[in-house]
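A.B. asks: For chain A, the structure is supplied; the task is to place chain B on it using the hints.
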Amino acid sequence: MEYFDEDEVQGRPYDRTLMRRILGYLRPYRGMVVLSIVLLLLVSVLQLAPPYLTKIAIDQYLSPASSLDIDARYFGLLKIIGIFVLVLLLAFVISYCQIYVMAFVGQRIMFDLRMQIFRHLQKKEVSYFDRNPVGRLMTRLTSDVEVLNETFTSGVVAIFLDLFTLLGIMIVLCYLNLRLAIITFTVLPFLFVAAMIFRARVHRTYRSVRKRVAAINAFLQENITGMSVVQIFNRETAQYEKFSHRNKKLYQAHLDTVVAYAVFYPAIEILSAIAIALIIWFGGRGVLAGAMTFGALVAFIQYAQRFYRPISDLSEKYNILQAAMASSERIFDLLDNEPRIQDSRNPKKIPTIPAEVIFDHVSFSYNPGEEVLHDVSFRVAPGEKVAIVGYTGAGKTTIINLLSRFYDVEQGRILIDGVDIRDFSQRDLHRYIATVLQDVFLFSGDIGHNIHLGDRAISDAKMMEVSRYINADKFINKLPLRYQETVGERGRTLSVGERQLLSFARALVYEPKILVLDEATSSVDTDTEYLVQDALKKFMSGRTSIVIAHRLSTIRFVDRIIVLHKGGIIEEGTHQELLEHGGHYSKLYDLQYKDQEKEIQFRRDAG
Amino acid sequence: MSEHESPDSKRKKALAAVARHLKNYKRGLTLGGLCLVVTNLLMLANPWILKVTIDGLQAGTTSRELLNYAIAFVGITVASGVFRFLMRRIMIGISRKIELDMRGEYFAHLESLSPSFYNQHRTGDLMALATNDLNAVRSLVGPGVMYSLNTVVVSAMTLSLMIVLSWRLTVVALLPMAILAVGMYHSMKLIHKYFEKVQERFGGLNSRAQENLSGVRVVRAYAREDYETAEFEKHSRIYVDANMKLYRIQSLLSPLLTSVAGLGGLFILAYGGKQVIDQAITLGTLVAFIGYMTMLVWPMIALGWVMNIMERGLASMGRINAILHTKPEIKDDVRSDAGGIPVTDCSLSFENVSFSYDASQDRAPVLCDISFSVRDGETVAIVGPTGSGKTSLVSLILRLYRPQTGTILVGGVPIEEISLSDLRTVVGLIPQDIFLFSQSIAENVAFGVPRLEESELDRLSRVAAIYGEVQNFPHKYQTVIGERGINLSGGQKQRIAIARALAKKPGILILDDALSSVDTDTEERILRSLRDEMKQRTSILISHRISTVREADRILVLNEGKLVEAGTHQELIASRGLYADMYDKQQIMYSLERS
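From first to last, the protein sequence lines are chains A and B.
To convert, note that position 591 of the first sequence is 591 in the numbering used here; the numbers rise steadily by one, no gaps.
Throughout, the numbering used here is defined as the position within the second sequence, counted from one, plus 607.
Excised from the complex, chain A in its bound form:
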């Protein structure tokens, strides 16, 4: 999956602290990294061997100046060939091992990093996921991690190969002929200057390209999102012009990069040609003067030709590093973002009996200055069933979010059996309270998995018993594979009512002591509706329950109703009491529940 998001496009220059942190991931594998570098060293030595072998062959056996007889020359050549074969074979095996070892290290690091990110995300507070779309987080887990891998496998390590090769060539040249080597090296400073200029140039153009890519992508994204506005206002041509303008600016920036590369490669080639020309001139005269052998001359030329490759490679590596900087920064940003909701250091033991719940002067806001709950206090006795009702925006869902500690209260506290819920570990709290949300989220596994959620402690017998009790087995038994039936993507194959029953089973199988439920608003067909209502009653009985009620049957069933209005409690009592009181609740009843009464009446009449 390719997911586009805006922070995708920002380039980042080389950053030392960032690089150090990236390299830190190599630490657990330093043995293998060292091995890999040693192997690389061997590879570069072996790769340097063929020209030298050619030199020996020429000087000792091929040159007309050779004093050996024909047979000895044949034999000598054969010997060289034998060594040559050995070198090739060794180089093949060693470089294979080196690549494989490094691939292994890269994969392990990606694994570590992915797990680190995933573990971190498991600790993040729920509101973090409201702010960060899933697609963006997925990009961190996949492509960003992948980019970092490339840095290790083809970036960092390959730089060593280039450096070794350069160094090796220099040593061999000095060994062959020190004077000629020094003459050849006079080109080196120019080579480095050229590379430096190129690097600076590419760095600059890279930044301007990135900036313009960001501009054009932001424009494109905005216009795709608002395309119907563009069309309604007849702005196709005008927006196209604007797009075209940005497009052309990007093209210009790209051309600058093209020119930089187009100059760089020939420049390197010319410099290396100058080196070879120097070898021809000085080396040739050396041969004429008998100060140098043919073979040495040929080897010199061959080595000089190999000189420029590592240098242009090193410049390319720089680009890989830049991409890695951007990715790693995004990953580290994520990892450095500490979870806002944390367990207390010495969590208290959670009670094992149905407990009382107390909201004690609780205030809360999602956005600063927009208080959603204001000074809310209420008590739910052990085993009591309480419904919370209220007009849209009254703060009902927030009560659930706070009790489940998806968010932390700003003022006041929430107590379970007299203990602040922040003093429990989140894990204990969540096992203790079953939260059933309005939208039933289904995982793509089978029905059974969606009930036990992978908890091996829950036996199949238990799962089936609960399903039967909660009326879910009726539809499950109709499925061809029953509990092994795979749930389609997001449970499309199941009806709303069936999904609700499934979510009840899921909650009940964990034997919660407190039930927190956001009743679904969407209507369900009559048969299932009856099953859902019945299940709900069974579910709540004997359990401390707080339910955001949307069903008439629920508000009639509960012990007490709390009426929430604009973030505060304005009425409390039983259904009958509140109706008789004739206040806010009775209006709400007229608005939200009365129709259900009519419907029930209608069904009764019809049925």
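In short, the hints are calculated from the structure, not lab data.
Predicted model only: the values in this text are computed from it and were never measured.
Treat each hint with caution, since some may be false.
[Unchecked claim] Straight-line C-alpha distance at most 25 Å; calculated DSS-like pairs for lysine-lysine:
no. : chain 1 : residue 1 : chain 2 : residue 2
1   : B       : Lys-804   : B       : Lys-841
2   : A       : Lys-248   : A       : Lys-211
3   : B       : Lys-620   : B       : Lys-633
4   : B       : Lys-841   : A       : Lys-123
5   : B       : Lys-1192  : A       : Lys-566
6   : B       : Lys-630   : A       : Lys-248
7   : B       : Lys-1192  : A       : Lys-594
8   : B       : Lys-1112  : A       : Lys-242
C.D. replies: Okay, now just chain B, sitting in the frame of chain A:
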């Protein structure tokens, strides 16, 4: 769409599309190709110079001649460098130009596609096409084309020269190539197999993570974090295993290529060395041969790389094609030069219009046999519960969608006979979901018109009741909206959208629940000032709030896609139908809100 096409014909079409773009730059590419040939020709001279130098040294050359060789060597490289520069500049430059063309073409095509297309395609996917896929195609037409041409030219030239030097030695030098071909063939097959496995595992890992992140509330609510982490770790592990299996083979490729090149050199040394000893060839020839072999190595390595670029580029081109070949559902049916029938009066009527978003599904249509008409200058309101089809109805007036049956007439003319731009100039819509661009407020208000006078801007913002707030913004009308500027509330956005729609002076004004995010007092105020604007033109007011619509000349009530009631507020209240019921409920709602 091309989903049912065979991969083969898809590939052919992608190739044709690439060829079409390349053809536009025939002259440039020819020139670039010429530079490529020249630069390689010049580079061929260098090993030859070395050969002459070596042979000359053996025969006892003068240092004057040596100097000539050295100068020639540099001179030729400089000349070749110039052509290499031109080659890159021209050929890679053209690929950037093609990228420019294609991006423009893509955007222009997107502009022609109607909302139903955007309902089916996610913005992220469309963006990916314009970024990743376009980039892959760019690599194909740039480096892909250049390096494949380079490989062909260099191999052909080098080989023919090698044959001229010694055909026996050439055959010997190329022997390892056969080994390479066989080795490559087998490992490629394995790689393909393992790669598919890797992709499959990657998909598994991906959906595992995606599900965990989407279902974060359930995971938290049931304390399943440890289990989820263990599951993810399991998937992660088998993904790594699959990758390592792939690497076991893939790690062979690069050493294989290097060894084959080395083997070529070895064979030359062995066979050529023997010939030098036998005095069948000169030492210079052998050295030149080794030089040419070195020149062959790079194109060989590039070959695998180029093939990869080609494959990826063609696959991306196919994906882009799928979008480019999507025909706009709604086009100007009238030729633009004819301009269609001009709109003279702004009456509107629906005649037996039925519509559903997806005609193939046998769900109840969104709109069912709707007929009504609105006189020029009349204000008509449409009310109805959520999902009754109000928004769909107005989208049809603007031809954002096409009704399956029935006719919609503006000024007595069927809208298909009016040019799209005329129709959309006449009809001004303030949609339910407000979309503003991240530009200044002034630019947003003037979005639909070429230019807007400052005085008109003032007037419009007063009508839309946004004037006072804008004056308090840091840069007034020049304040930028969105991430780079200020964030507006829903109500502020709606009011700017009202000013934006009024700016183009539409003959027919449609407000689709455009005041839902402002409180009732502000709504009251806006409606009062809008009333003057509405008097001058045909207006359609959509709302679920009775307070918004009660003063309309006529009110239509929609329910489940059908027109169920029509009349003035008083008439509808008296008839005690759906409208009266909604009215009662809203009375309760207001009292709840106010309490």
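A.B. asks: Evaluate each hint against the coordinates.
C.D. replies: Structure-based check of each hint:
For the hint pairing Lys-804(B) with Lys-841(B), the CA-to-CA distance comes to about 16 Å; that is within 25 Å, so the pair holds. In summary, the hint linking Lys-248(A) to Lys-211(A) is supported, as the alpha carbons are separated by about 13 Å, within the 25 Å threshold. Restraint check for Lys-620(B) and Lys-633(B): the C-alpha separation of about 20 Å stays at or below 25 Å, so the hint holds. Distance restraint check for Lys-841(B) and Lys-123(A): the Cα-Cα separation of roughly 19 Å lies within the 25 Å cut-off, and the hinted pair is therefore satisfied.
A hinted pair counts as satisfied when its Cα atoms are at most 25 Å apart, and Lys-1192(B) with Lys-566(A) qualifies at roughly 19 Å. At most 25 Å may separate the alpha-carbon atoms for a hinted pair to count; Lys-630(B) and Lys-248(A) meet this at roughly 21 Å. Our distance criterion of 25 Å between C-alpha atoms is met by Lys-1192(B) and Lys-594(A), whose separation comes to about 11 Å. For the hint pairing Lys-1112(B) with Lys-242(A), the CA-to-CA distance comes to about 24 Å; that is within 25 Å, so the pair holds.
Checked against the numbered hints listed earlier, the structure breaks none of them; every hint is satisfied.
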